[in-house]
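Read top to bottom, the protein sequences are chains A and B. This note's numbering applies: residue 1 is where the first sequence begins, and numbers increase by one. This note's numbering applies: residue 314 is where the second sequence begins, and numbers increase by one.
Some hints here could point you the wrong way.
Claimed, not checked - Calculated pairs, DSS-like style, for lysine-lysine (alpha carbon to alpha carbon, straight line, at most 30 Å):
| id | chain 1 | residue 1 | chain 2 | residue 2 |
| --- | --- | --- | --- | --- |
| 1 | A | K165 | A | K181 |
| 2 | B | K319 | A | K80 |
| 3 | A | K272 | A | K228 |
| 4 | A | K275 | B | K319 |
Unchecked claim - Cβ-to-Cβ under 7 Å is the rule here; a few derived chain A residues that face chain B:
| id | residue |
| --- | --- |
| 5 | S102 |
| 6 | S104 |
| 7 | E212 |
| 8 | H214 |
| 9 | E215 |
| 10 | D255 |
| 11 | S257 |
| 12 | Q258 |
| 13 | L271 |
| 14 | K275 |
For the record, the hints were derived by calculation from the structure and aren't laboratory data. Virtual Cβ for every residue (Gly too), placed ideally from N, Cα, C.
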Amino acid sequence: DSVAAAALAELNIRDLDDSRALWRESTTSTSDLTSSLCEQLRLILAPTLTTKLKGDYKTGKRLNMKRIIPYIASDFRKDKIWLRRTKPSKRQYQIMIAVDDSKSMNEGDGRCVDLAFQSISLVANALTQLESGELSIVKFGEMMEVVHQFGQQFTAESGAKVFQKFMFDQTRTNIHNLVSKSLELFTQARATSSGSAELWQLQIIISDGLCESHETIQRLVREAREKKIMLVFVIIDGINNANSKSGAPAESILDMSQVSYVPDANGNMALKVDKYLDSFPFEFYVVVKDIVELPKMLALILRQYFQESSSNV
Amino acid sequence: MSTPDKTQIKIRFFTREEDSQLQVEDKPLYVPISLKRFGLSEIVNHLLSTEKAIPFDFLINGTLLRTSIEEYLTANALSSEAYLSLEYTRSVLPPSYLASF
Ligand SMILES: [Mg+2]
């Protein structure tokens, strides 16, 4: 039953002292990168300080040319034809870090796990230093579980408690479930967020990128876009010396192919082999081989996203 | 058509065959776990771009695969999170026997 299952799950966690040591170690090893990411995020996430001209007002600074023809056509009734300078709005952030807790992360020499831990402390510490929003951390595999909630303060002890929960032993990687549960959490978090500030919601998924059902995930990714929730997928790559027993060389997800079967003209299922990443369902993803690359890559993709969304306003 | 289990697994193929015509590039592949010998053989032939299909047998850790990948995983207490190395060899079994699995 569920109580017994929960008790079992409780047992299956890392020792707290080990987790504290692990947190310290990964915080120290990424401290330079953390400051660099924090600085870059500060530049990207800061509200644009220049004021913008916005419509539609009865009086103002400059005429909105798009409104002139309707103004004349309406016998001068539609007279909100002026633009005014508006103050930049304050932005609030809710950022969720989702980390793959599945077994595939722990195949090979364990470097994928190290990199996952470093990524968590890097991103969590940078956001905490930035002091401009709420942070949440979740883990996923077959199930998705919140290990640090929005609104909760994030400290070194929270970091250790988060690390405790990662065993990388889940026997499925259900990314569809992750995204669908995350959208629910973001919707709830938006409802409880304070007031008038412009709210940005962002999820950073850290995983080896192995997942099935690309088309159904893609539908959810589109839904996230409509809800203005940005999903960034960080693929930890090429570090598994996958099969040391058989001496397989280190490989990369960039070289991986996917086998599928599609009906041909006669209705027979025909074998198709495509590049795995060609159907990867996330719009924004980066492939990272080394923790050193992460701040730069994240900054690049966030800058691209924020530019795109502010030009759409 | 019924909806089969969509679970996939990362695998790689390798061979001890000397013939360089029979060597595939050593790159990971993401494949359905429902595959059996025939489906795997079809993939290797596809990767080799063979004109006439060559039947292959498959071994995992030296043991001949006689079931689907899925059944192999269950029998060996593995999950689809594993990374499997599949060795292929030219089939030496009589065709009638091959048809049975
Ligand atoms: Mg996995």
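Close enough to count: is the Cβ of E215 of chain A nearer than 7 Å to one in chain B? Hint violated; E215 of chain A Cβ to chain B Cβ min 10 Å, cut 7 Å.
Distance restraint between K275 of chain A and K319 of chain B, which requires alpha-carbon spacing of 30 Å or less: Distance of about 18 Å is within 30 Å: holds.
At a threshold of 7 Å, is the proposed contact between D255 of chain A and chain B supported by beta-carbon distances? For D255 of chain A, the interface hint holds, since the closest Cβ of chain B sits about 5 Å away, which is under 7 Å.
Status of the hint placing S102 of chain A at chain B (closest C-beta pair under 7 Å): Check passed: Cβ of S102 of chain A comes within 5 Å of chain B, closer than 7 Å.
Identify whether the interface hint at Q258 of chain A stands, where standing means a beta carbon of chain B within less than 7 Å of its own. Constraint on Q258 of chain A satisfied, holds at 4 Å.
Is the interface hint for S257 of chain A satisfied, with its Cβ closer than 7 Å to some Cβ of chain B? holds (5 Å)
Regarding the hint that S104 of chain A lies at the interface with chain B, is the smallest CB-CB distance below 7 Å? holds (4 Å)
Hint check: is the beta carbon of L271 of chain A less than 7 Å from a beta carbon of chain B? holds (6 Å)
Check whether the Cα positions of K165 of chain A and K181 of chain A lie no farther apart than 30 Å. holds (18 Å)
Quick check on E212 of chain A please, does its C-beta sit within 7 Å of some C-beta on chain B? Interface hint status for E212 of chain A: holds (5 Å vs cutoff 7 Å).
Next item in the hint list is H214 of chain A. Is there a CB on chain B closer than 7 Å to its CB? violated (10 Å)
Is the shortest C-beta separation between K275 of chain A and chain B less than 7 Å? violated (10 Å)
Consistency with the previously given hints fails for numbers 2, 3, 8, 9 and 14, ordered from lowest to highest.
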